[in-house]
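Sequences listed follow chains A and B, in order. The numbering of the first sequence is the working numbering, which starts it at 1 and goes up by one. The numbering of the second sequence is the working numbering, which starts it at 1 and goes up by one.
No wet-lab data here; the hints were simulated from the structure. Wrong hints could be hidden among the right ones.
[Said to hold, decoys possible] Computed Cβ-Cβ distance ranges for the label pairs, DEER-style:
no., chain 1, residue 1, chain 2, residue 2, range
1, A, Met99, B, Val57, 27 to 33 angstroms
2, A, Asp245, B, Ser5, 56 to 62 angstroms
3, B, Asp198, A, Glu321, 51 to 57 angstroms
Ideal Cβ placement from N, Cα and C applies to all residues, glycine included.
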Amino acid sequence: MSRGRYGEYGGQYISETLMNELLYLEEQYNHYINDDEFVGELNTLLREYAGRPSLLYYAERMTEDLGGAKIYLKREDLNHTGAHKINNVLGQVLLAKKMGKTRVIAETGAGQHGVATATAAALLDMECEVFMGEVDTKRQALNVYRMELLGAKVHSVKSGTKTLKDAVNDAFRDWIARVHDTNYVIGSTMGPHPFPMIVRDFQAVISAEAREQFLEKEGKLPNAVIACVGGGSNAMGAFYNFIDDDDVKLIGCEAGGKGIDTPYNAAALTKGKIGIFHGMKSMFNQGDYGQIAPVHSVSAGLDYPGVGPEHAYLRDSGRAEYVPVTDEEAVSAFEYLSRMEGIIPAIESAHAVAYAMKIAPKMDKDDIIMICLSGRGDKDVRSIAEYRGVDLDE
Amino acid sequence: MSKISNAFKNGKAFIGFLTAGDPTVEKTVEYILAMEEAGCDLIEIGIPFSDPMAEGVVIQDANVRALKHNTTTDDVFEIVRAVRSKTDIPLVFLTYINPVFFYGYEEFFKKCGELGIDGIISPDLPYEEKGEIADIARKNDVDVISLIAPTSKERIQMIANDATGFIYVVSSLGVTGMRSEIKTDLKSILEDIRDVTDLPLAVGFGINTPEQAKDISRLADGVIVGSAIVKIIEEHGEDAADALKEYVSSMKEACN
Numbered sequence: 001m002s003r004g005r006y007g008e009y010g011g012q013y014i015s016e017t018l019m020n021e022l023l024y025l026e027e028q029y030n031h032y033i034n035d036d037e038f039v040g041e042l043n044t045l046l047r048e049y050a051g052r053p054s055l056l057y058y059a060e061r062m063t064e065d066l067g068g069a070k071i072y073l074k075r076e077d078l079n080h081t082g083a084h085k086i087n088n089v090l091g092q093v094l095l096a097k098k099m100g101k102t103r104v105i106a107e108t109g110a111g112q113h114g115v116a117t118a119t120a121a122a123l124l125d126m127e128c129e130v131f132m133g134e135v136d137t138k139r140q141a142l143n144v145y146r147m148e149l150l151g152a153k154v155h156s157v158k159s160g161t162k163t164l165k166d167a168v169n170d171a172f173r174d175w176i177a178r179v180h181d182t183n184y185v186i187g188s189t190m191g192p193h194p195f196p197m198i199v200r201d202f203q204a205v206i207s208a209e210a211r212e213q214f215l216e217k218e219g220k221l222p223n224a225v226i227a228c229v230g231g232g233s234n235a236m237g238a239f240y241n242f243i244d245d246d247d248v249k250l251i252g253c254e255a256g257g258k259g260i261d262t263p264y265n266a267a268a269l270t271k272g273k274i275g276i277f278h279g280m281k282s283m284f285n286q287g288d289y290g291q292i293a294p295v296h297s298v299s300a301g302l303d304y305p306g307v308g309p310e311h312a313y314l315r316d317s318g319r320a321e322y323v324p325v326t327d328e329e330a331v332s333a334f335e336y337l338s339r340m341e342g343i344i345p346a347i348e349s350a351h352a353v354a355y356a357m358k359i360a361p362k363m364d365k366d367d368i369i370m371i372c373l374s375g376r377g378d379k380d381v382r383s384i385a386e387y388r389g390v391d392l393d394e
Numbered sequence: 001m002s003k004i005s006n007a008f009k010n011g012k013a014f015i016g017f018l019t020a021g022d023p024t025v026e027k028t029v030e031y032i033l034a035m036e037e038a039g040c041d042l043i044e045i046g047i048p049f050s051d052p053m054a055e056g057v058v059i060q061d062a063n064v065r066a067l068k069h070n071t072t073t074d075d076v077f078e079i080v081r082a083v084r085s086k087t088d089i090p091l092v093f094l095t096y097i098n099p100v101f102f103y104g105y106e107e108f109f110k111k112c113g114e115l116g117i118d119g120i121i122s123p124d125l126p127y128e129e130k131g132e133i134a135d136i137a138r139k140n141d142v143d144v145i146s147l148i149a150p151t152s153k154e155r156i157q158m159i160a161n162d163a164t165g166f167i168y169v170v171s172s173l174g175v176t177g178m179r180s181e182i183k184t185d186l187k188s189i190l191e192d193i194r195d196v197t198d199l200p201l202a203v204g205f206g207i208n209t210p211e212q213a214k215d216i217s218r219l220a221d222g223v224i225v226g227s228a229i230v231k232i233i234e235e236h237g238e239d240a241a242d243a244l245k246e247y248v249s250s251m252k253e254a255c256n
């Protein structure tokens, strides 16, 4: 495939002002990713600071309850800051530091990527500003305060739909004005090349570890790997080192919202059309004249009208399949995993749990499913209570 | 020779931008004609987009206003049709690439050719991705206008060699919007570009006062103004024609 392309997807559809910076970023990334000192430093941070390798946990009660395939959870929720986001952020912020930048910016939906970026910036002594849609600052008020505690400045984005896509718009608008001292630490496998590649590479640690852990624990690879997909970084990380293992099914769970027959979903692969936005050619939820559509998900982290270009390619090539999971199914799975295993998953990850609950009973007892449990659900407790009509302030 | 070169025959060019459908489709036609009458040499018509990533707040808001009453790409073509029945002024589209991609490149550029659109500026289609539309645009006599930014440096030659119509020189880092001061060393950037091309060079981003227009037109072949014009439309709504004429003529005068 040509540089920065995944089939027809990907590319660099971005302002000329940013082009030299993107080329420089790619060059620097290619240099440092092959530099033993950088890789050593990053691996030390992942191990000593983020807590890797993350556990591969056998969910015995859930397995018995569902009565089919053995279910394993890849516990990204146990990472420092509570999600897979830290894997990518430590890589990108360390890279920014090596490149001589003094400031990083990030977009955030649920707040996990913003918290992770603020954390890495605190650790590596960088200035940090985070862009977050006004709607999300309300849904995830606790994460706003966490970022501020960590020394970051949080911008509440009031344009457009006031959610993740608008946060990305404003992050790009900030970056274009300050390319000289700032790196945009993008949170998912999206945006113009080289971002989808860089984020995938930093997240691929998930499947690299899982592959070894399965061979050690089970002596074989899983039959299916299931992950939720917004932009698609935890899914890309969970899939990547299994792509060449043809017998491992790769399944991405998109936000089906209130249903894919309603306009209230964020399932870009299921309901979107090919388009060009946020620097990439990929699949997007859009209206009749190519206007980007307002989308909906109970999960702020999946509330994005597009998907990373490599997922669009994996879908077209048939290597991975993508299924919609509704708000209701995800909330039920959120509650189910909490009661069954004593693990409160992020509402994003609960989309993957929900789909595993659907297919596990139909599979053999010898079969194995890996769910990428991309994050912890503490941040979601308030909004799930609200969803269920429970008033916590009474 | 493209019709765009006509814009640079009447002294230094003044290029005005407005967003189609703001405040209404009919008013956009009227305002384009008013700007021409007041001395505009070329007009950029913005096709409204839900997520105008390269724009500052003023033009973002104009996009919101235009989309609020569902201004479509077909409506924008109707604006062009109405304007073309009255004038030959060079017209270019300023559009993000997704509405064009969605419409279909063949269909979009065929319509541009038929209606007399002379060029297209797409802020999210850099040199590397220009191949998306280059052949189809050429076939329909539509110039793809290239942008050169203060950060372009060694990319200047590659971009300029491939450029047609005029070159849009971005004055400053950042998004569109009025700036009190342009700090970039425009003189040296413009010299670097002139070393490799004979195309006219027009400078945009941040320019809003006659003083700025005067300073920049000493160095460049044209001055591009967007946000200041859109701001006048925002303030005067459906009665902006006189204020636009007054502003445009003061700017055109300052250029020469």
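Each hint, compared with the structure:
{"no.": "1", "hint": "A:Met99 x B:Val57: 27 to 33 angstroms", "in the structure": "30 angstroms, holds"}
{"no.": "2", "hint": "A:Asp245 x B:Ser5: 56 to 62 angstroms", "in the structure": "59 angstroms, holds"}
{"no.": "3", "hint": "B:Asp198 x A:Glu321: 51 to 57 angstroms", "in the structure": "55 angstroms, holds"}
In summary, this structure violates none of the numbered hints.
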